[in-house]
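Peer 1: Listed here are the chains, written in short residue letters.
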Amino acid sequence: MLSYTAKRLGQTVFVLIGISLITFVLLQVVPGDPVALMLEKRADPETIAKIRHELGLDLPYHIQYYNFLKGAVRLDFGTSYFTKEVVSVALIRSFKVTVKLACMAFVFAAAIGIPCGIFSAVKRGKRIDSVVMVLSIIGVSAPAFWFAIILQIIFGLKLDILPISGFDGVSCYILPSVALGARYAGSMARITRTSMLEVMGQDYIRTAKAKGASRWSVIMKHALKNAMIPIVTLIGTDFGYMLTGSMLIEKVFSIPGIGKLAVDAMSNRDLPLLEGTVMYIAFVFVIVNLIVDLSYAFLDPRIRYGKGAA
Amino acid sequence: MKKRVSAVALLCAAAMMLSACGSKPQAPAETTAAGAAGTEAAGTQTGGESTPGAADRTGKIVRVAAVDPQVALDPQQYTYSIVMKITDNISEALLTTKGDGSLEPTLLAKMPEISEDQLTYSFELLPDVKFHDGTTLTSADVKYSYERLVKLTKMATLLENVEGYQELADGTADELSGVVIQDDTHFTITLTKPYAPFLSVLSTAYTAIYPHEACEAAGENWGMTTLYGTGPFKMDSYQTGVGVTLTRFDDYHGGAVKLDGVDYKFIEDVNTQVLEYQKGNVDYVDVDPSIYPVYSENPELKDQMHGFQPTGNYSLGVNVKTYPDAKVREAIALSIDRKAICDSILHGTATVPTSYIPAGIIGHDETLPEFEYNPERAKQLLAEAGFPDGIDLRVTVNSKYQGNVNIATAFQQQAKAAGINVQVETVDSAAWSDMKKSGGIDCNISNWYVDYSDPESMLYPMTKTDTNSSFWHNAEFDQLLEDGIATTDSAERQEIYKKAEHIMTREDWATTPIYNETKFYLLNPSITGFEIDSTFRMFWKDADIQ
Amino acid sequence: MGEKLLEVQGLKTWFHTDAGLSKAVNDVSFFVEKGKTLGIVGESGCGKSITSLSIMGLVQTPPGEIAGGKILFEGEDLLEKTEEEMRSIRGKKIAMIFQEPMTSLNPVFTIGQQLIETLMLHENLTKQQAREKGIEMLKLVKIPLAEKRFDEYPHQLSGGMRQRVMIAMALCCSPKLLICDEPTTALDVTIQAQILELINELKEQTGTSVMMITHDLGVIAEVADDVMVMYAGKVVEHATCDQIFEKPMHPYTYGLMNCIPKLDDDDTKELSVIEGMVPSFDDMPKGCAFCPRCPEAMDICREKMPKLSEAEGRMVRCFKYTEEWEESSHE
Amino acid sequence: MKRTRIGFFNKQRQFEQDMLERGVEYEYSSFYADSLKQLKKNKMAMGCAVILLLLILIAIFAPLLAPYDPAYQDYTAVLAEPSSAHLLGTDEYGRDILSRIIYGSRVSISIGIVAQIVASLVGITLGSLAGYYGGVIDNVISRIMEIFQAFPDLIFAMAIMTFMGKGVLNLFIALGLLTWVRTARMIRGSVMQLKEKEYIEASRACGASTFWIIAKGLIPNCLSTIIVMVTLGIPNAIMYEASLSFLGIGIQPPTPSWGNMISAAQTFISYRPLYSIMPGVAIMITVIAFNIFGDGLRDALDPKLKT
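Protein chains in written order, with my numbering: chain L, -18 to 291; chain Z, 104 to 649; chain X, 205 to 535; chain G, 9 to 315.
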């Protein structure tokens, strides 16, 4: 397992380098010049040249990239062209916000999605099963930003019970996390149901029933632990997505998280900031996936002890 | 059975959603009720059934919805209007331009004296003006601030007529030799040639005066963590993504300030900004003219909406490299229905211009007819120019400004009648500035506001730089502009600029104005003493909360 | 005749499927005596597993439904028990061993956890006591290194071992009735013998009654006292083990017996098979369900279903042993 | 349900058996006929298929169905309330909202389908190469897939759209590039399994070229996987289009798309609620229909594909 982890981490390095290179190349080919943007009002060629020099944008591309890589290995992505904020500081600042949103959305999605999925599986074929499944597919199918806007109007303005923007205090995160979590709740409910149904048909469930175990214990203990493996894969990746920030939700609710940082960096062609953000997102994504894969071993003794038995 | 149940559920869900956002016919009324109640609670009542938002106001603090500038609050470096909306309350320039275009001294004891040859200006500072850090304003701070403006390059050309500018800009000198300090409160500025708008330039936010020691010490943090000025409010905090809080500066040289502070709240999404206003969580919000009826038809909110006409306009620029024939450019100018845009798209809030130079500025000519929509004539001109079958026209707009996109979309339909097939291309700001520079824009819609009340501020992009993307140059026009700034007599200048304007918009047709807009904002009715005038600057100095 | 531990009367277990109503168990009656072993034989799909699940109360409803009959266990009708009461009977008084030892143990729990669960559910034991008892049970079913195995996961054990664990789990609360549903089918022949021997041995030790469900007459010969043969949801023959092996009376039983190769058979004699397949519920013949495959079928067999009636000291469902047979053959 | 599924597995096993016996000259018809029968039983999926058919017809016959030209700006009726002339009212340019929603179906559906075709072409090519060759090629392609997966999707789309310029065609490509990885992974997995099968070995032994083996031997066997992936990928692409249009980098005006309508209508949500709600409902119905139909297809064609 250790060697597996090491191998995966090795691949991660490769992926991160690839991503930084793509980001770099993309920003070179995409039209748009951060300097021209800075000098919106009175851009003349000399001024532009001067600022380009200050930012080191006049160096040959390979040297610019090499300089970037040199910094990146020390986790120093430089400073933002515009805000002059150190990129890693900006990342940490935005990350703090995104983590809160992600955790709340995740808790919301999991707290709604998984029980609904279990419930739906247990009540399979009943009216309530259809209702839950239709709701879950609506959750998956409604565009999140649209849903967010409607939530704002209903709960923020009409009912006036929740804040519609901002990010201080838990209450501010309620609407965004519902808007963000709705589709994940839907997909979690669906995967949970499918997975539970599959497990509920297994022989060992019959065994557990034959033992005289209660319905609760059969479902929550015997079935759920087995059904968790595909569920964990999904919710793990979902959590990864949430942690990388939702540009749309953050935009609607004015939350300065990672998603907003990335969009701003992209629209400003702010190379250091974009590189930092993209690498952060990729890193979180890769690591979450690795953790998900490793968690199989925790959930499934067949994988954990696989080698021992063979 | 199963299917039926799910179908019912689906319907229910849909109905729920509709009804939730619905009670459609009364929706606006409800909105207002909530909004009005919110604002009222925020303003006049304390306690009771105050909305959650109203609770966060303690003392006389005005809350302004703003977009996060994401840059240092330093107009010498960043020219976004939001930066100035904030810093105008923190730092001050020597002079202030009033709504009627006249100047009045702010940090000066009296209006400067100008020498006979129009080259030397003598200034006398007010005594004992304090900066927020406690230091006293001196001539050295003025000199420092101007030198900084030049060194930071971004808006440096504002001072290009000051003696020693070129040397400082090139780095061959390390001071702006034209600014000569006599003593702590007296200094002179010498120009290399007469420059009529010079004093107006010194009223812009870019020429704000900073305390030189503190500013130097702060370095890159100037405008981020530290920002001192002589203004009525001092900056308490500036947090990216959160906002800027200003509190009253008790030693303000201009007398007592009534507000305790101003709180700029960063709300990214403009729609969310308005929602927060309706909820009573902010006291000021900008409103785009395209949504004018949403508020004008709302009995509660319509009185809270205020309009002002900024000095500037929306215009259509045509790249003369792509369309070298003035006839084609004129045809394009004739194929945009300004009246329809003003009356319908902008709900009557805008007016059709008669000249590019807006009203209130030297050179504006009211006697001219409004620019017309005449697709027949446009067709004829195109035929004369050799395009009897019409032309394809790529119109590029910056997606950041929804107003520009709206005009382009309307233009697209209007131009069909003239045989012009418009293709709208929206690009983001960065691509936009790049394309402007590189000549990648065939035709654009953009807006321009003056930095100072002078035709030069309106027209200089036409000739000084190529950044207006039309790449139009006309020797006579350039000469007229040179003459214009060297002339001080207003009547003479009026003639010069009228002539320049005629060349630009009635002969060469490289840039044609589309409309003069009215900008709107919603303001909590409990706030008094606040108004935005045509200078488009936000001063909270005299405001109060009843 | 000994005391009846379990008596099933006219049990009907039906399934509502997309294709129609399947009468998986249709009017089945039998009993199990205390300390005795009843073997239930039949091809797959004949309803024998459903019978056992009905007794356990584990038929999925829907689609399943117990449409009629009584299941008397120690004189009480299990069908009238609440789910709660059934739970305290399952595992405690009636235990069951399933066909697939490979999949019948929960892969994510250790052997020990699964054993302890049963004990904790029904016996008032502390965790420590349950552990000791569990290990004791593993030793009882002859699992070597029981202490070590106790903390292992099912996938670390061989099929035979797992079936032993299943038996240990089934027996740990000393049930009155042990239902074995094809306990050896999935195992190697040598292991099969060991398992059967184990069941027999434990039966002797604990005095448990056993219901042995199998399609393998060899297994029956090994363990059963009485034998019930099922075909298409109905009992076709019910007799003592000796009777069956001495003289199978129902043509189906006869056919089953002929499928077993015997050592004393003439080498030249072909191994006989029963032609055809068990009819599916949606095309059940009008008369005797076996008649399409029956070598001796007569017109009457195609007309109506024979009753289960007594003949030669046993119960058999065939016209051959009724007067009607005589009549119809004389026509 | 359980019964039928077991039945299906048997059929598939039978099908594979058939293939082995006949080498590569096998017949699909029976397999697909069975799957179709399977699908027909799924009433929800069939209901959604009908909805989808309707949507596609609406898209095709939009000019006949729409009461107005979707780009026609009626300056006398700007932001009109719903009336008999304009059932859903008009937008800020006086354009008929109903007509725009009807025309919007063209954009959304074609974007969904074409983007998935692009994604499939890229995904199938790279996925089958990786699966077939394994080793270094697989390693390189797998890393590329990881890079694409880990790259923040909207940022990538923004960059691509800015690079290539906005427009429907470029949006097809951008969305295709965003979503190919899923297909590629699936194909890679299937090809890896299939290439060990005897009939592939046999054709290899007969000297068939690699291209021939992949194109004729492997891809057709992944066909059901591909069909399912495409169907389930379409709603995904539609959502992406909506998101990108919301961020202002999707379809260019005046072409109506549901995403840019929601974006434009956001301002008017309390003033003209139908304007912003209806495009969202349109997206939702389409996405739901594709999702349920896709699930049905998956159950019928390839139940191994879960999640």
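Hints were generated in silico from the structure; no laboratory data involved.
Just so you know, these numbers come straight off a predicted model, no measurement behind them.
Do not take every clue at face value.
No more than 35 Å apart at the CA atoms, straight line, and that leaves these computed lysine-lysine pairs for DSBU-like [what the hints assert, rightly or not]:
1) X:K296 - L:K202
2) X:K208 - X:K238
3) X:K227 - G:K205
4) L:K202 - X:K227
5) L:K107 - G:K205
6) X:K227 - X:K451
7) X:K216 - L:K107
8) G:K51 - X:K490
9) Z:K254 - L:K206
10) Z:K254 - L:K139
11) L:K65 - Z:K254
One side of the interface only, derived from the structure: several residues of chain G facing chain L at Cβ under 8 Å [as the list claims (entries may be wrong)]:
12) P75
13) P261
14) T263
Glycine included, C-beta positions come from ideal geometry on N, C-alpha and C.
Peer 1: All the hints need checking, so say for each whether the structure fits it.
Peer 2: A quick look at each hint next to the structure:
1. X:K296 - L:K202: Given pair X:K296, L:K202 holds - Cα atoms ~20 Å apart, limit 35 Å.
2. X:K208 - X:K238: holds, 6 Å
3. X:K227 - G:K205: The hint is violated at about 42 Å.
4. L:K202 - X:K227: Holds, because 33 Å separates the two Cα atoms, which is no more than 35 Å.
5. L:K107 - G:K205: Distance of about 42 Å is beyond 35 Å: violated.
6. X:K227 - X:K451: Holds: X:K227 and X:K451 sit about 30 Å apart, inside 35 Å.
7. X:K216 - L:K107: Status holds; Cα separation ~25 Å.
8. G:K51 - X:K490: Roughly 34 Å between the alpha carbons, so the hint for G:K51 and X:K490 holds.
9. Z:K254 - L:K206: violated, 67 Å
10. Z:K254 - L:K139: violated, 52 Å
11. L:K65 - Z:K254: holds, 17 Å
12. P75: Nearest chain L Cβ about 25 Å off; hint violated.
13. P261: violated, 19 Å
14. T263: violated, 18 Å
The earlier numbered hints that this structure contradicts are 3, 5, 9, 10, 12, 13 and 14.
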